[in-house]
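Each residue of the sequence shown is one higher than the last, beginning at 1 in this note's numbering.
Note that these hints are calculated values from the structure, not bench results.
Heads up, some of the hints might be wrong.
As the list claims (entries may be wrong) - DSS-like, lysine-lysine: derived pairs with alpha carbons at most 25 Å apart: (1) K115 to K165; (2) K123 to K108; (3) K135 to K165; (4) K135 to K123; (5) K106 to K135; (6) K108 to K165; (7) K123 to K165; (8) K106 to K165; (9) K106 to K160.
Unchecked claim - Here are the computed distance ranges between Cβ atoms for each label pair: (10) I188 to R217: 21 to 27 Å; (11) G138 to E105: 31 to 37 Å; (12) E166 to Q192: 36 to 42 Å; (13) P99 to Q130: 41 to 47 Å; (14) G218 to D146: 28 to 34 Å; (15) S223 to S131: 27 to 33 Å; (16) K165 to V96: 16 to 22 Å; (17) A75 to L97: 33 to 39 Å; (18) Q163 to R215: 37 to 43 Å; (19) P99 to E222: 18 to 24 Å; (20) A221 to S100: 21 to 27 Å.
Here a beta-carbon is modelled for each residue, glycine too, at the ideal position from N, C-alpha and C.
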Amino acid sequence: MPKARSRSLILSATILGAGLLAAGCTSEKPAGEPRAAASDLPTVPVIAPGRPGEPAATLSPDALRTAVPSPVANAADIRYAQDMIMHHRQALDMSVLAPSRAVSEKLKGLASRIKDAQGPEIKGMAAWLQSQGQKAPGHDHALQKDMPGMVTAEQMDALKAAQGKEFDRLFLELMISHHQGAIAMAEIALAQGSHVLVEEMANDVIAIQSAEIRRMRGMQAES
(Lines of atoms letter the chains of each structure in order from A and count residues from 1; the text may use other names and numbers.)
(Lines give C-alpha, C1' and ligand atoms only; values in the text may rest on other atoms or scores of the structure.)
Protein backbone atom coordinates (compact mmCIF):
# COMPACT_ATOMS: atom_id res chain seq x y z
CA MET A 1 0.00 0.00 0.00
CA PRO A 2 1.49 3.42 -0.93
CA LYS A 3 2.66 5.44 2.07
CA ALA A 4 0.29 8.36 1.46
CA ARG A 5 -2.65 5.96 1.13
CA SER A 6 -1.61 4.16 4.31
CA ARG A 7 -1.42 7.44 6.26
CA SER A 8 -4.85 8.45 4.99
CA LEU A 9 -6.39 5.19 6.19
CA ILE A 10 -4.64 5.45 9.53
CA LEU A 11 -5.99 8.94 10.14
CA SER A 12 -9.50 8.10 8.94
CA ALA A 13 -9.63 4.96 11.03
CA THR A 14 -8.36 6.79 14.08
CA ILE A 15 -11.00 9.48 13.72
CA LEU A 16 -13.74 6.93 13.15
CA GLY A 17 -12.56 4.87 16.08
CA ALA A 18 -12.63 7.93 18.30
CA GLY A 19 -16.16 8.65 17.12
CA LEU A 20 -17.32 5.16 17.93
CA LEU A 21 -15.78 5.40 21.36
CA ALA A 22 -17.48 8.72 22.01
CA ALA A 23 -20.82 7.35 20.89
CA GLY A 24 -20.51 4.41 23.24
CA CYS A 25 -19.57 6.40 26.33
CA THR A 26 -22.21 6.87 28.99
CA SER A 27 -20.38 9.57 30.95
CA GLU A 28 -17.75 12.18 30.22
CA LYS A 29 -14.27 11.52 31.53
CA PRO A 30 -12.82 14.08 33.95
CA ALA A 31 -10.47 16.66 32.47
CA GLY A 32 -6.91 15.47 32.35
CA GLU A 33 -7.76 11.77 32.40
CA PRO A 34 -5.67 9.80 29.88
CA ARG A 35 -7.23 9.12 26.51
CA ALA A 36 -8.54 5.75 25.50
CA ALA A 37 -5.77 3.29 24.81
CA ALA A 38 -5.60 1.09 21.73
CA SER A 39 -7.17 -1.73 23.75
CA ASP A 40 -10.32 0.39 24.13
CA LEU A 41 -10.93 0.55 20.40
CA PRO A 42 -13.91 -1.19 18.72
CA THR A 43 -13.77 -4.97 18.44
CA VAL A 44 -15.47 -4.99 15.03
CA PRO A 45 -14.01 -3.99 11.64
CA VAL A 46 -14.09 -0.29 10.81
CA ILE A 47 -14.66 1.24 7.38
CA ALA A 48 -11.93 3.80 6.70
CA PRO A 49 -12.61 6.20 3.81
CA GLY A 50 -9.74 6.98 1.50
CA ARG A 51 -8.79 10.27 -0.05
CA PRO A 52 -11.11 11.81 -2.69
CA GLY A 53 -11.41 9.40 -5.61
CA GLU A 54 -9.98 6.47 -3.66
CA PRO A 55 -12.04 3.53 -2.41
CA ALA A 56 -12.74 2.91 1.25
CA ALA A 57 -10.99 0.11 3.08
CA THR A 58 -12.00 -2.16 5.93
CA LEU A 59 -9.58 -2.31 8.85
CA SER A 60 -9.66 -5.16 11.31
CA PRO A 61 -9.57 -4.43 15.05
CA ASP A 62 -5.90 -5.42 15.09
CA ALA A 63 -5.07 -3.07 12.21
CA LEU A 64 -7.02 -0.28 13.84
CA ARG A 65 -5.23 -0.85 17.11
CA THR A 66 -1.82 -0.42 15.45
CA ALA A 67 -3.10 2.67 13.61
CA VAL A 68 -3.83 4.65 16.76
CA PRO A 69 -1.35 7.54 17.07
CA SER A 70 0.61 8.29 20.17
CA PRO A 71 -1.70 10.28 22.49
CA VAL A 72 1.17 12.50 23.57
CA ALA A 73 2.99 14.79 21.15
CA ASN A 74 6.56 15.86 21.75
CA ALA A 75 7.93 19.41 21.75
CA ALA A 76 8.84 19.27 18.05
CA ASP A 77 5.25 18.36 17.14
CA ILE A 78 3.82 21.26 19.14
CA ARG A 79 6.38 23.73 17.82
CA TYR A 80 5.68 22.69 14.23
CA ALA A 81 1.93 23.19 14.50
CA GLN A 82 2.27 26.53 16.28
CA ASP A 83 4.90 27.84 13.86
CA MET A 84 3.08 26.60 10.77
CA ILE A 85 -0.10 28.38 11.83
CA MET A 86 1.82 31.67 11.82
CA HIS A 87 3.53 30.73 8.56
CA HIS A 88 0.18 29.96 6.91
CA ARG A 89 -1.34 33.21 8.19
CA GLN A 90 1.30 35.19 6.34
CA ALA A 91 0.64 33.21 3.15
CA LEU A 92 -3.03 34.18 3.49
CA ASP A 93 -2.07 37.84 4.02
CA MET A 94 -0.11 37.70 0.78
CA SER A 95 -2.73 35.78 -1.19
CA VAL A 96 -5.62 38.14 -0.43
CA LEU A 97 -3.68 40.93 -2.18
CA ALA A 98 -3.70 39.17 -5.55
CA PRO A 99 -7.28 39.77 -6.78
CA SER A 100 -6.91 43.56 -6.79
CA ARG A 101 -3.24 43.78 -7.79
CA ALA A 102 -2.20 40.86 -9.99
CA VAL A 103 -2.46 40.92 -13.78
CA SER A 104 -1.92 37.19 -14.35
CA GLU A 105 -5.07 35.09 -14.14
CA LYS A 106 -2.91 32.05 -13.38
CA LEU A 107 -1.41 33.84 -10.41
CA LYS A 108 -4.84 34.93 -9.19
CA GLY A 109 -5.99 31.32 -9.40
CA LEU A 110 -2.95 30.08 -7.50
CA ALA A 111 -3.43 32.69 -4.78
CA SER A 112 -7.07 31.65 -4.45
CA ARG A 113 -6.09 27.98 -4.08
CA ILE A 114 -3.49 28.85 -1.44
CA LYS A 115 -6.11 30.80 0.51
CA ASP A 116 -8.73 28.05 0.19
CA ALA A 117 -6.27 25.35 1.29
CA GLN A 118 -4.33 27.03 4.06
CA GLY A 119 -7.29 28.61 5.83
CA PRO A 120 -8.79 25.21 6.75
CA GLU A 121 -5.30 23.88 7.54
CA ILE A 122 -4.87 26.62 10.14
CA LYS A 123 -8.15 25.58 11.75
CA GLY A 124 -7.12 21.93 11.69
CA MET A 125 -3.77 22.61 13.33
CA ALA A 126 -5.41 24.82 15.96
CA ALA A 127 -7.89 22.04 16.75
CA TRP A 128 -5.07 19.53 17.03
CA LEU A 129 -3.16 21.82 19.39
CA GLN A 130 -6.27 22.14 21.53
CA SER A 131 -6.54 18.34 21.66
CA GLN A 132 -3.01 18.33 23.08
CA GLY A 133 -3.81 20.95 25.72
CA GLN A 134 -1.94 23.65 23.77
CA LYS A 135 -3.03 26.99 22.35
CA ALA A 136 -2.70 28.35 18.85
CA PRO A 137 -0.24 31.26 18.66
CA GLY A 138 -1.37 34.87 18.62
CA HIS A 139 -0.54 37.41 15.94
CA ASP A 140 2.72 38.64 17.48
CA HIS A 141 4.95 39.37 14.49
CA ALA A 142 8.04 39.25 16.69
CA LEU A 143 7.53 35.50 17.00
CA GLN A 144 7.79 35.04 13.23
CA LYS A 145 11.29 36.36 12.63
CA ASP A 146 13.12 33.07 13.16
CA MET A 147 10.94 31.00 10.82
CA PRO A 148 12.41 30.19 7.39
CA GLY A 149 10.89 31.88 4.38
CA MET A 150 8.95 34.51 6.30
CA VAL A 151 8.42 37.82 4.50
CA THR A 152 9.76 40.87 6.33
CA ALA A 153 7.58 43.88 7.11
CA GLU A 154 9.45 45.85 4.45
CA GLN A 155 8.85 43.15 1.83
CA MET A 156 5.16 42.98 2.72
CA ASP A 157 4.87 46.76 2.37
CA ALA A 158 6.51 46.54 -1.06
CA LEU A 159 4.09 43.80 -2.11
CA LYS A 160 1.11 45.86 -0.98
CA ALA A 161 2.38 48.85 -2.95
CA ALA A 162 3.02 46.90 -6.15
CA GLN A 163 0.55 46.63 -9.04
CA GLY A 164 0.29 44.63 -12.25
CA LYS A 165 3.37 42.84 -13.53
CA GLU A 166 5.52 44.18 -10.71
CA PHE A 167 3.13 42.65 -8.18
CA ASP A 168 3.17 39.35 -10.04
CA ARG A 169 6.97 39.29 -10.10
CA LEU A 170 7.33 40.13 -6.43
CA PHE A 171 4.53 37.80 -5.32
CA LEU A 172 6.09 34.82 -7.09
CA GLU A 173 9.55 35.62 -5.72
CA LEU A 174 8.32 35.95 -2.14
CA MET A 175 5.86 33.06 -2.21
CA ILE A 176 8.41 30.63 -3.63
CA SER A 177 10.78 31.51 -0.78
CA HIS A 178 7.87 31.28 1.67
CA HIS A 179 6.94 27.80 0.41
CA GLN A 180 10.57 26.66 0.59
CA GLY A 181 10.61 27.76 4.22
CA ALA A 182 7.45 25.79 4.95
CA ILE A 183 8.99 22.68 3.39
CA ALA A 184 12.12 23.10 5.53
CA MET A 185 9.93 23.35 8.64
CA ALA A 186 8.00 20.23 7.62
CA GLU A 187 11.21 18.27 7.09
CA ILE A 188 12.37 19.19 10.60
CA ALA A 189 9.03 18.02 12.00
CA LEU A 190 9.37 14.68 10.20
CA ALA A 191 12.88 14.24 11.61
CA GLN A 192 12.16 15.33 15.18
CA GLY A 193 8.42 14.85 15.77
CA SER A 194 6.70 11.71 17.03
CA HIS A 195 2.96 12.12 16.40
CA VAL A 196 1.42 10.48 13.33
CA LEU A 197 -0.99 13.36 12.75
CA VAL A 198 1.90 15.82 12.60
CA GLU A 199 3.66 13.46 10.19
CA GLU A 200 0.56 13.54 7.98
CA MET A 201 0.37 17.34 8.09
CA ALA A 202 4.07 17.73 7.34
CA ASN A 203 4.00 15.30 4.41
CA ASP A 204 0.99 17.12 2.96
CA VAL A 205 2.81 20.46 3.22
CA ILE A 206 5.84 19.05 1.41
CA ALA A 207 3.77 17.50 -1.38
CA ILE A 208 1.39 20.41 -1.95
CA GLN A 209 3.87 23.24 -1.64
CA SER A 210 6.50 21.49 -3.78
CA ALA A 211 3.89 21.24 -6.54
CA GLU A 212 2.98 24.90 -6.11
CA ILE A 213 6.64 25.93 -6.31
CA ARG A 214 6.87 24.13 -9.67
CA ARG A 215 3.80 26.02 -10.90
CA MET A 216 5.18 29.35 -9.73
CA ARG A 217 8.53 28.74 -11.40
CA GLY A 218 6.62 27.95 -14.57
CA MET A 219 4.84 31.30 -14.28
CA GLN A 220 8.18 33.03 -13.81
CA ALA A 221 9.48 31.40 -16.98
CA GLU A 222 6.43 32.60 -18.92
CA SER A 223 6.71 36.22 -17.80
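What hint numbers does the structure not satisfy?
3, 5, 7, 13, 15, 18
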